[in-house]
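Student: The chain contents come next:
Number of protein chains: 2
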Amino acid sequence: MADEVILMSFWPSMFGMRTVFALEEKGVKYEYRGEEDVINNKSPLLLEMNPIHKKISVLIHNGKPVCESIIQIQYIDEVWSDKNPFLPTDPYQRSQALFWADFIEKKLFLCGRKTWATKGEELEAAKKELIEILKTLQSELGDKPYFGGDTFGFVDIVLVGFYSWFPAYQKFGNFSIESECSKLMTWGKKCMQRDSVAKALPDYDKVFGYVLQLKKVYGIE
Amino acid sequence: MADEVILMSFWPSMFGMRTVFALEEKGVKYEYRGEEDVINNKSPLLLEMNPIHKKISVLIHNGKPVCESIIQIQYIDEVWSDKNPFLPTDPYQRSQALFWADFIEKKLFLCGRKTWATKGEELEAAKKELIEILKTLQSELGDKPYFGGDTFGFVDIVLVGFYSWFPAYQKFGNFSIESECSKLMTWGKKCMQRDSVAKALPDYDKVFGYVLQLKKVYGIE
Chain R
1 MADEVILMSF WPSMFGMRTV FALEEKGVKY EYRGEEDVIN NKSPLLLEMN
51 PIHKKISVLI HNGKPVCESI IQIQYIDEVW SDKNPFLPTD PYQRSQALFW
101 ADFIEKKLFL CGRKTWATKG EELEAAKKEL IEILKTLQSE LGDKPYFGGD
151 TFGFVDIVLV GFYSWFPAYQ KFGNFSIESE CSKLMTWGKK CMQRDSVAKA
201 LPDYDKVFGY VLQLKKVYGI E
Chain C
1 MADEVILMSF WPSMFGMRTV FALEEKGVKY EYRGEEDVIN NKSPLLLEMN
51 PIHKKISVLI HNGKPVCESI IQIQYIDEVW SDKNPFLPTD PYQRSQALFW
101 ADFIEKKLFL CGRKTWATKG EELEAAKKEL IEILKTLQSE LGDKPYFGGD
151 TFGFVDIVLV GFYSWFPAYQ KFGNFSIESE CSKLMTWGKK CMQRDSVAKA
201 LPDYDKVFGY VLQLKKVYGI E
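Protein chains in written order, with full-length UniProt numbering: chain R, 1 to 221; chain C, 1 to 221.
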């Protein structure tokens, strides 16, 4: 029996994008189900498949749901293990890849959100913190082409969705990521050249328009 | 060369405890370095070994640090794979164990903290949320002896440290976890009978005294 793979996601989500990158890198055939409105109107299938968090993304493999994007990437790496491994085989190197994925998960989303959702001192602190986070990541990247070394790996998949949000962060926060983190931007451009990434990474203008919508929904001037 | 394993931790930390349980279950010989004051006075070794988060716990294996307790447990499971596996081998079951560990990580600490650090409406909401979280976990446990089924596994290791904090949550929050989650309490008692757990799980009174100290440090009446 052929595998039935469904991905429930929402196009601007940097979390949902990760799973597209992972499936594309592995060459897995899947059905993409883009949710319409993940804030006010969640689909019955989403509520059924992720009853705990009630959030996208959900990967459904032969009827069984896997939730949380980082766990989905590990799952995809283990199930389709014959092609393009994401995690190294050495336990120490694996632990370090998981560490950086966890660092991105804990730090980047909330801080990035503040660039368009806050003002004044809170915004200034967020901009400073965001640059620090990105410089830390840039330092971990070092002179390697990818976080995974010569190959596009686990940390690359976890981080690159945020790259499509950087222009919006910069524009709303009125600051420059590029001038402080040029190496990281070069890495992002390189990732964009991959078919897997180009497939799901949205245009900057589209993300910008979505943030304008979000500000309206949450009543942020 | 024999392995040199050092664990830098702090006795009341439910995160640090996890790594003790994992090392003990695997029968790994290690040196325990209890930090004295992880709030105001971090040791130079801690800052050197965890420069990113500057937090306990840190597992140092042959001079190389592994940070973040859940990643440490995965690392220990992979390096000492010959005894007592924590994660199942089946990718789907693994993803589900990782999901519940992540659920505990995201939900329990912050909500538990509110039972002794907040008042009024915020406290009432936290108590309600905490019971909901624990009931969700109890439902996942079902009729199994452990979250890992017949064996003490990954999710058990991640959760059981919190069990030593439940009496403090109950006392400060003035509510009963036991009356609503008796099955989960039975699970906790069962875990306590394991040598690995008994080794690191502190007495209730000691945790209670530590919370009193914390309230003083943070100026919470």
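Honestly, the hints are just simulated from the structure, not real lab data. We treat Cβ as the ideally placed atom computed from N, Cα and C, and that holds for glycine. A portion of the hints provided could be inaccurate.
[What the hints assert, rightly or not] Covered, in the sense of this in silico footprint (three residues per stretch, anywhere, with C-beta under 8 Å from a C-beta of chain C), are these stretches of chain R:
(1) 14 to 25
(2) 55 to 66
(3) 74 to 82
(4) 112 to 119
Student: If you count the residues of the stretch 112 to 119 of chain R with a beta-carbon closer than 8 Å to a beta-carbon of chain C, do you get 3 or more?
Tutor: violated (count 0)
Student: At a Cβ distance under 8 Å, does chain C reach at least three residues of the stretch 14 to 25 of chain R?
Tutor: Coverage by chain C is violated for the stretch 14 to 25 of chain R (0 residues, Cβ < 8 Å).
Student: Can you confirm whether chain C covers the stretch 55 to 66 of chain R, using C-beta to C-beta distances below 8 Å and requiring at least three such residues?
Tutor: holds (count 3)
Student: Within the assertion that chain C covers the stretch 74 to 82 of chain R, do at least three residues meet a Cβ-to-Cβ distance smaller than 8 Å?
Tutor: holds (count 4)
Checked against the numbered hints above, the structure breaks hints 1, 4 and satisfies the rest.
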